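*Asks:* In this note's numbering, the protein residues as written are 1 to 387.
In case anyone wonders, no lab produced these hints; they're calculated from the structure.
Keep in mind the model is a prediction, meaning the values are calculated, not measured.
There could be a bad hint or two in this list.
Pairwise CB distance ranges, derived in the manner of DEER restraints [stated by the list, open to error]:
(1) Phe-323 to Ser-88: 41 to 49 Å
(2) Gly-138 to Asp-118: 47 to 55 Å
(3) Gln-289 to Lys-351: 17 to 25 Å
(4) Lys-294 to Gly-324: 20 to 28 Å
(5) Lys-375 to Lys-102: 44 to 52 Å
(6) Asp-148 to Asp-327: 44 to 52 Å
(7) Leu-195 to Met-293: 15 to 23 Å
(8) Gly-225 to Ile-342: 49 to 57 Å
(9) Ala-331 to Asn-242: 37 to 45 Å
(10) Glu-299 to Leu-89: 26 to 34 Å
Cut-off 20 Å, straight-line C-alpha distance, at most; resulting in silico cross-link-like pairs (EDC-like, lysine to aspartate or glutamate) [claimed, not checked]:
(11) Lys-349 to Glu-199
(12) Lys-219 to Asp-151
(13) Lys-351 to Glu-370
(14) Lys-237 to Glu-301
(15) Lys-347 to Glu-301
(16) Lys-300 to Glu-244
(17) Lys-121 to Asp-133
(18) Lys-347 to Asp-212
(19) Lys-102 to Glu-301
(20) Lys-237 to Asp-250
(21) Lys-237 to Asp-151
(22) Lys-219 to Glu-296
(23) Lys-102 to Asp-327
Using N, Cα and C, we set each Cβ at its ideal position, and we do this for glycine too.
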Amino acid sequence: MQFVSCFKTLCSNKGLSTAFLILICTSVFLIVMVSWLSAKIGHIIHIDRNLSRLMNYNDSMSISLVHSYKDGLDDLVAERKKDSNRLSLNPCPETPPGLVGKLATNAPNITSSVTNDDSLKRVMYGGRYSPEDCIPRGSTAVIIPYRDREDHLNILTRHLHNILQRQQLNYQIFAIEMALPTQFNRGLLANIGFLFAKETGDFSCFVIHDVDAIMMNDKNLYRCGSQPRHLVTGSTKFRTGNNEYGLPYDSYMSGVIALTDSQYTKANGFSNVYFGWGGEDDDFNIRVQRANMKFERPEKEIGIYIAIPHETDSTNQKNPARFGILDVSAARQWIEGVNSFINNPLKIKYKRYAIEYRQYYTWLLIGVNEAAITKQYENFLGEPFAV
1 MQFVSCFKTL CSNKGLSTAF LILICTSVFL IVMVSWLSAK IGHIIHIDRN
51 LSRLMNYNDS MSISLVHSYK DGLDDLVAER KKDSNRLSLN PCPETPPGLV
101 GKLATNAPNI TSSVTNDDSL KRVMYGGRYS PEDCIPRGST AVIIPYRDRE
151 DHLNILTRHL HNILQRQQLN YQIFAIEMAL PTQFNRGLLA NIGFLFAKET
201 GDFSCFVIHD VDAIMMNDKN LYRCGSQPRH LVTGSTKFRT GNNEYGLPYD
251 SYMSGVIALT DSQYTKANGF SNVYFGWGGE DDDFNIRVQR ANMKFERPEK
301 EIGIYIAIPH ETDSTNQKNP ARFGILDVSA ARQWIEGVNS FINNPLKIKY
351 KRYAIEYRQY YTWLLIGVNE AAITKQYENF LGEPFAV
């Protein structure tokens with residue numbers, strides 16, 4: 001209103017030359033329009049998807065990406081229509097009717113089987129979907145700790161959209177990436193992804209998912225239960241004595257797990273101190289047990305996964321101190337975990353470098369200081385430990 005009043009007063013001033021008045025009035029008008037458009041557009045910004053990478057992660061900033069302003073509005077309108085239509089719908093069946101069971105999927109044809117599917121047309125930007133013909137039984141956030149495996153991420157997310165839509169889930173997929181040069185830390189990324197998903201939507205189930213784990217049976221429902229769920233009963237990278245797909249040991253809890261908000265919080269999430277490969281999944285299993293819970297698994301034939309082959313990641317080498325850190329898991333459980341980012345005297349600092357709502361998933365890029373975190377918790381890391 002102050003802009004408008006100033007605009008009227010200035011333009012009615014007869015003491016100024018006509019040309020100068022036109023120039024001043026035009027400038028004021030442009031400023032008013034820009035301010036108005038900024039308020040209308042809000043956080044919906046159209047940028048190149050690689051822009052955040054070109055900035056070399058120097059500044060802490062958030063970037064929201066949709067295909068265009070119009071697509072963003074179309075998405076919002078479509079969601080509102082779905083919400084209004086759902087008021088007259090029945091709950092989705094306990095057992096989704098479109099499931100096929102064991103999938104005709106194997107390592108050589110994974111790419112072709114997931115890139116040409118009608119399910120991808122139904123995904124909204126940010127990797128979101130909700131069934132249109134029934135009210136879903138809960139809402140699932142799929143959280144993928146990730147770095148530098150874009151081919152695997154593209155395969156996995158497309159495959160998940162195909163499967164989770166048949167499971168009639170309301171869901172969203174999140175890829176949580178750690179910026180270089182810090183070593184990969186799966187547990188820390190899972191914790192940040194869990195908190196970010198809670199900020200983003202009202203989810204009843206949180207699935208922590210390896211980027212190279214491909215489901216082979218769509219009856220393996222991505223829902224939560226009364227106990228934490230380990231959804232993997234066997235993997236193509238592990239063979240049993242009978243030459244069947246299995247697990248390396250009974251307490252193995254890596255790959256894909258599903259927990260409710262209360263279950264995740266009760267265990268205090270993952271440890272944040274396992275930089276490099278290994279240890280964080282066994283540590284998490286200990287946390288779940290000490291919180292008086294236990295993992296449950298689906299039936300043997302339902303929980304089989306393909307493990308996509310990949311080269312060793314130079315920034316995710318085996319952590320030589322993982323066994324020493326694991327030995328003192330109990331001493332750290334309530335000191336550091338998901339609470340390290342909320343309300344903790346030893347609070348872990350991290351930066352959100354970018355948030356992008358990509359076509360098939362929401363991408364969050366974060367950065368932490370490995371040396372600073374190690375220093376914070378050096379009294380709780382056990383021996384031997386090499387900084």
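*Asks:* Need the list of violated hint numbers for this structure, in ascending order.
*Replies:* 1, 2, 3, 6, 8, 12, 15, 18 and 23
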